[in-house]
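Counting from 2, one number per residue, gives the positions in the sequence shown under the working numbering.
It should be emphasised that the hints constitute simulated quantities derived from the structure, not laboratory data.
You may find that some hints are simply not true.
Claimed, not checked - Okay, the calculated beta carbon distance ranges per label pair:
id: 1; residue 1: L74; residue 2: A144; range: 17 to 23 Å
id: 2; residue 1: T90; residue 2: A111; range: 28 to 34 Å
id: 3; residue 1: V51; residue 2: P87; range: 50 to 56 Å
id: 4; residue 1: G130; residue 2: H52; range: 20 to 26 Å
id: 5; residue 1: M77; residue 2: H49; range: 34 to 40 Å
We treat Cβ as the ideally placed atom computed from N, Cα and C, and that holds for glycine.
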Amino acid sequence: MTPEPQLQAKRPVSAPLAGPYGHPFHPMLVTVPIGAWVTSLVFDIASHVVHRPGFLTQSSQWLIAVGVIGALLAAMAGFLDLFAIPAGTPAFRTALVHMTLNLLVTAAYAVNFLWRHGEHTGGGSVATGQLVLSALSVAALGASGFLGGKLAYRYGVRVADETTQAEGYASHRGPGSSHTRTPV
2 MTPEPQLQAK RPVSAPLAGP YGHPFHPMLV TVPIGAWVTS LVFDIASHVV
52 HRPGFLTQSS QWLIAVGVIG ALLAAMAGFL DLFAIPAGTP AFRTALVHMT
102 LNLLVTAAYA VNFLWRHGEH TGGGSVATGQ LVLSALSVAA LGASGFLGGK
152 LAYRYGVRVA DETTQAEGYA SHRGPGSSHT RTPV
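Could you build the full structure based on these sequences and the hints that come with them?
See the structure below:
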C-alpha cells in the first residue's frame with residue numbers, strides 16, 4: 002500500500018487549473034519555454050555564423066519572449082502542484098529548489114529580452130554578453146529540468162499510483178487464449 006504522503010502528492014490541488022489526476026498540466030506547459038529558449042540559444046549561436054544575422058537576432062528575441070510567457074503559465078500550474086507535496090519532505094525541498102531555479106531562469110530571460118529590445122534593427126549578431134546570459138540560463142534550466150524529472154520519476158509527484166498504472170499492463174485476453182507475446 003502506498004503511504005499517505007505519497008498519495009497526497011499524486012492528487013491535484015485543483016484539477017481544472019493543475020490538470021486531472023494522472024494528467025498534470027505543468028509538464029505539458031514546460032515544453033513551451035524549454036523549446037523556445039533552447040531554440041533562441043541556437044539562433045544566437047547561428048547569428049555569429051551567417052552573413053546577414055539580423056533575422057536570427059530578431060527571432061531569438063521573440064523566442065525569449067514566448068519562453069517567458071510560457072514559463073509564467075507553467076509556473077502557475079507548477080505552483081499548484083507544489084501545494085500537493087507535503088512540507089518538510091525531500092520531495093518538497095527538491096520542488097522548492099526546482100521552483101527557485103525556474104524563477105531565476107525566467108527573470109534572467111526577461112532581463113535578456115529587455116537588454117536586446119531594439120538592438121536587432123542594426124542587423125548584427127547577438128552581443129557576446131547576451132549570448133553568454135542565454136547559455137548560462139539554458140544550463141540552469143537543464144539543472145532545474147533534472148530536478149523536475151526527479152520529482153516525477155523518482156518521487157512520483159502528480160504521477161498516477163501503481164495500482165492505476167497497473168491497468169496499462171493488464172492482459173484483456175480471455176481465459177485459454179493461445180496468443181503469445183512476441184518480443185520486439
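Taking the hints in turn, this is what the structure says about them:
At roughly 21 Å, the beta-carbon separation of L74 and A144 lies within the given 17 to 23 Å, and the hint holds. The hint said 28 to 34 Å for the Cβ distance between T90 and A111, and at roughly 31 Å that hint holds. For V51 paired with P87, a C-beta distance near 51 Å keeps the hint of 50 to 56 Å intact. Judged by the Cβ atoms, the range 20 to 26 Å given for G130 and H52 holds: they are separated by roughly 23 Å.
Hint check: M77 to H49, Cβ distance near 36 Å, so the stated range 34 to 40 Å holds.
Against the hints set out earlier in the document, no violation occurs for any number.
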